[in-house]
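Engineer: In order, the protein sequences belong to chains A and B. According to the working numbering, the stretch in the first sequence is residues 197 to 501, in order. According to the working numbering, the stretch in the second sequence is residues 197 to 501, in order.
Hints listed in this document are in silico derivations from the structure and should not be mistaken for laboratory results. There's no promise every hint is true.
Dumping the calculated SDA-like pairs for lysine to any residue here, alpha-carbon to alpha-carbon at most 20 Å [said to hold, decoys possible]: (1) B:212 / B:456; (2) A:212 / A:251; (3) A:280 / B:457; (4) B:212 / B:372; (5) A:280 / A:241; (6) B:212 / B:297; (7) B:280 / B:318; (8) B:280 / A:454; (9) B:212 / B:199; (10) B:280 / A:456; (11) A:280 / B:284; (12) B:280 / A:241; (13) A:212 / A:320; (14) A:280 / B:454; (15) B:212 / B:268; (16) A:280 / B:455; (17) B:280 / A:212; (18) B:280 / B:372; (19) A:280 / A:238.
Number of protein chains: 2
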Amino acid sequence: MTALPLLAGVELGGTKCVCILARGPDAIEEEVRIPTTRPDETLAAVEAVLERWRGFAALGIASFGPVSIDRHAGDYGHVTATPKPGWSGADIAGRLARVAGVPTGFHTDVVGAALAEARWGAAEGLADMAYVTVGTGIGAGLIAGGRPVDGLGHGEFGHLRPVRMAGDDWVGACPFHGACVEGLASGPAIKARAGQSAESLDLHDPVWDGVAHALGQLCHALVLTGVPRRIVMGGGVMVGMPHLFPMIRTATTRSLAGYVSSPDVALADTFVVPAALGGRAGPLGAILLGAQALEERLGAAFTTS
Amino acid sequence: MTALPLLAGVELGGTKCVCILARGPDAIEEEVRIPTTRPDETLAAVEAVLERWRGFAALGIASFGPVSIDRHAGDYGHVTATPKPGWSGADIAGRLARVAGVPTGFHTDVVGAALAEARWGAAEGLADMAYVTVGTGIGAGLIAGGRPVDGLGHGEFGHLRPVRMAGDDWVGACPFHGACVEGLASGPAIKARAGQSAESLDLHDPVWDGVAHALGQLCHALVLTGVPRRIVMGGGVMVGMPHLFPMIRTATTRSLAGYVSSPDVALADTFVVPAALGGRAGPLGAILLGAQALEERLGAAFTTS
Numbered sequence: 197m198t199a200l201p202l203l204a205g206v207e208l209g210g211t212k213c214v215c216i217l218a219r220g221p222d223a224i225e226e227e228v229r230i231p232t233t234r235p236d237e238t239l240a241a242v243e244a245v246l247e248r249w250r251g252f253a254a255l256g257i258a259s260f261g262p263v264s265i266d267r268h269a270g271d272y273g274h275v276t277a278t279p280k281p282g283w284s285g286a287d288i289a290g291r292l293a294r295v296a297g298v299p300t301g302f303h304t305d306v307v308g309a310a311l312a313e314a315r316w317g318a319a320e321g322l323a324d325m326a327y328v329t330v331g332t333g334i335g336a337g338l339i340a341g342g343r344p345v346d347g348l349g350h351g352e353f354g355h356l357r358p359v360r361m362a363g364d365d366w367v368g369a370c371p372f373h374g375a376c377v378e379g380l381a382s383g384p385a386i387k388a389r390a391g392q393s394a395e396s397l398d399l400h401d402p403v404w405d406g407v408a409h410a411l412g413q414l415c416h417a418l419v420l421t422g423v424p425r426r427i428v429m430g431g432g433v434m435v436g437m438p439h440l441f442p443m444i445r446t447a448t449t450r451s452l453a454g455y456v457s458s459p460d461v462a463l464a465d466t467f468v469v470p471a472a473l474g475g476r477a478g479p480l481g482a483i484l485l486g487a488q489a490l491e492e493r494l495g496a497a498f499t500t501s
Numbered sequence: 197m198t199a200l201p202l203l204a205g206v207e208l209g210g211t212k213c214v215c216i217l218a219r220g221p222d223a224i225e226e227e228v229r230i231p232t233t234r235p236d237e238t239l240a241a242v243e244a245v246l247e248r249w250r251g252f253a254a255l256g257i258a259s260f261g262p263v264s265i266d267r268h269a270g271d272y273g274h275v276t277a278t279p280k281p282g283w284s285g286a287d288i289a290g291r292l293a294r295v296a297g298v299p300t301g302f303h304t305d306v307v308g309a310a311l312a313e314a315r316w317g318a319a320e321g322l323a324d325m326a327y328v329t330v331g332t333g334i335g336a337g338l339i340a341g342g343r344p345v346d347g348l349g350h351g352e353f354g355h356l357r358p359v360r361m362a363g364d365d366w367v368g369a370c371p372f373h374g375a376c377v378e379g380l381a382s383g384p385a386i387k388a389r390a391g392q393s394a395e396s397l398d399l400h401d402p403v404w405d406g407v408a409h410a411l412g413q414l415c416h417a418l419v420l421t422g423v424p425r426r427i428v429m430g431g432g433v434m435v436g437m438p439h440l441f442p443m444i445r446t447a448t449t450r451s452l453a454g455y456v457s458s459p460d461v462a463l464a465d466t467f468v469v470p471a472a473l474g475g476r477a478g479p480l481g482a483i484l485l486g487a488q489a490l491e492e493r494l495g496a497a498f499t500t501s
């Protein structure tokens with residue numbers, strides 16, 4: 197891997213946007229935070245930052261979802277159906293690319309964070325990995341050969357319907373699927389089930405068993421994709437809960453039942469690990485999305501070896 | 197996509213090997229079938245064919261699994277742990293590549309068939325698709341941007357543990373996982389449950405409901421990868437059972453519950469479809485694996501646009 201040129205990255209989050217002008221985590225020239233309000237207001241503020249920064253080689257955008265990442269589709273680069281007022285159908289990538297005037301990459305915030313963890317974080321140096329975020333929702337980003345795995349759309353592994361833990365028939369909290377992984381193990385699901393927030397819930401509360409079971413099933417499914425050499429887990433529910441990691445590793449190993457014999461997977465302590473970059477993963481991932489857009493334009497390789 | 201050069205393809209199956217010398221389905225110069233016996237005997241017969249054919253631009257091998265496809269691993273191109281006598285640890289790709297002396301691609305027979313269905317079959321022209329085979333086992337090959345999705349290993353989606361159908365607590369037939377998708381819906385699983393083979397089972401037998409539910413959960417999970425614009429299903433159980441397709445489509449659509457709003461997915465009749473190439477998918481996929489190995493060597497593009 198070669199050094200990165202100067203890049204602009206925008207993480208468009210549900211409550212705030214983080215814009216960075218950087219070559220990497222140790223070379224951040226400037227960082228600007230903008231509250232996420234209405235699309236017009238928010239994007240105009242981002243545009244003003246990008247105009248001031250002019251001179252960067254590429255732009256990357258890591259956005260909250262759902263978004264269209266299908267380049268053949270008319271709504272490429274738009275937010276699709278979201279409950280967030282005003283944002284359904286908002287054009288993000290087209291609008292910011294016009295202002296930036298440079299190659300522009302666009303993907304989900306989850307995939308952005310995955311790319312950053314793969315280059316600089318808990319899966320440093322691994323071209324094949326998965327990143328799972330467990331917070332208000334549950335998402336997973338899959339990176340294969342250094343590139344996001346996608347096609348028609350982006351991954352939505354949080355909505356997998358796992359086999360239920362023996363004796364557990366709680367209906368779950370997902371408005372679409374009830375007891376999908378997100379409906380069983382997201383922050384709101386934990387709160388709905390336990391009657392209190394995840395942070396305040398006793399470490400020995402049996403609710404955690406169901407959470408670990410569901411997340412173990414998600415890891416089982418991610419292993420079955422054949423892709424990850426490591427699974428990195430972050431997000432609000434994971435960050436303050438180190439006791440969850442051994443529980444998820446045990447659930448994953450038991451569920452696979454020896455079927456996948458790779459030593460990478462069998463060594464569950466190094467296979468399912470905490471995220472390392474925290475809140476910086478999103479904006480750092482955004483610059484990597486910009487770098488990959490530039491690579492495609494130039495036929496060069498900054499991000500894969 | 198440009199025309200293919202002359203390529204050699206080997207589908208290494210559990211009972212027979214099919215070797216073809218071809219430029220595509222309408223330009224097969226020669227086809228040789230070799231029974232799969234002991235590795236030495238079988239591979240020596242394949243080598244003799246390849247030596248006689250010398251002059252092809254690349255070789256592709258689509259093998260029964262499990263196999264190592266991790267190019268960084270010492271066992272790349274080998275069969276790994278298999279109950280098939282003598283084949284555990286057999287070096288396939290290295291041995292045949294030495295004889296062929298040309299760029300050599302290697303993957304599973306399932307991924308080979310997926311590539312062939314994507315180029316010439318039921319997903320013709322779609323760079324993002326999934327192919328599912330339901331037979332003695334259940335496997336799925338995922339193609340994104342015209343390339344197999346893999347990393348540490350190949351996909352093993354057949355061993356997903358699906359949520360159970362309401363009221364169904366049959367233990368399943370998978371020796372590792374019991375009621376995983378393969379343990380619920382493979383040919384041997386149907387026979388174990390129904391007491392008779394899938395082919396002879398009445399179309400209205402309630403056993404089919406559980407089979408369709410499990411395969412619908414597999415399709416649900418494949419949709420959540422974000423990759424497929426179409427899911428192509430083949431294999432011994434699917435081929436003679438057209439009544440299964442509407443059942444699987446209904447199970448998939450109900451399970452997704454409107455969460456994935458893409459019209460490609462919502463039009464389930466054109467989203468989950470029967471395979472078109474039958475037994476030719478394997479050897480034709482093998483030549484595409486050869487073409488992709490050649491592309492990597494030359495930096496050319498025969499198989500992706």
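Engineer: Measure nothing beyond the straight line between the CA atoms of residue 280 of chain A and residue 454 of chain B; if it is 20 Å or shorter, mark the hint as holding.
Structural biologist: Distance ~18 Å between residue 280 of chain A and residue 454 of chain B Cα, so the pair holds.
Engineer: Could you grab the alpha-carbon distance between residue 280 of chain B and residue 456 of chain A and see if it respects the 20 Å cut-off?
Structural biologist: Between residue 280 of chain B and residue 456 of chain A the Cα gap is close to 17 Å, so the pair holds against 20 Å.
Engineer: Against the 20 Å threshold, does the CA-CA distance of residue 212 of chain B and residue 456 of chain B hold or violate the hint?
Structural biologist: 41 Å, violated
Engineer: Taking only the CA atoms, is the gap from residue 280 of chain A to residue 241 of chain A under or equal to 20 Å?
Structural biologist: Distance of about 19 Å is within 20 Å: holds.
Engineer: Residue 212 of chain B and residue 297 of chain B: Cα distance at most 20 Å?
Structural biologist: 24 Å, violated
Engineer: Between the alpha carbons of residue 212 of chain A and residue 251 of chain A, is the straight-line distance 20 Å or under?
Structural biologist: 24 Å, violated
Engineer: Is it true that the CA of residue 280 of chain B sits at most 20 Å from the CA of residue 372 of chain B?
Structural biologist: 17 Å, holds
Engineer: Has the given pair, residue 280 of chain A with residue 238 of chain A, been kept, meaning a C-alpha gap of at most 20 Å?
Structural biologist: 13 Å, holds
Engineer: Is the Cα-Cα distance between residue 212 of chain B and residue 199 of chain B 20 Å or less?
Structural biologist: It is violated: about 29 Å lies between the C-alpha atoms, which goes past 20 Å.
Engineer: Is the Cα-Cα distance between residue 280 of chain A and residue 284 of chain B 20 Å or less?
Structural biologist: 54 Å, violated
Engineer: Mind checking the alpha carbons of residue 212 of chain B and residue 268 of chain B for me, to see if they're no more than 20 Å apart?
Structural biologist: At roughly 29 Å apart (the allowed maximum being 20 Å), residue 268 of chain B and residue 212 of chain B break the hint.
Engineer: Given the hinted pair residue 212 of chain B and residue 372 of chain B, is their alpha-carbon gap at most 20 Å?
Structural biologist: 27 Å, violated
Hint check: violations occur at hints 1, 2, 4, 6, 7, 9, 11, 12, 13, 15, 17; the rest are consistent with the structure.
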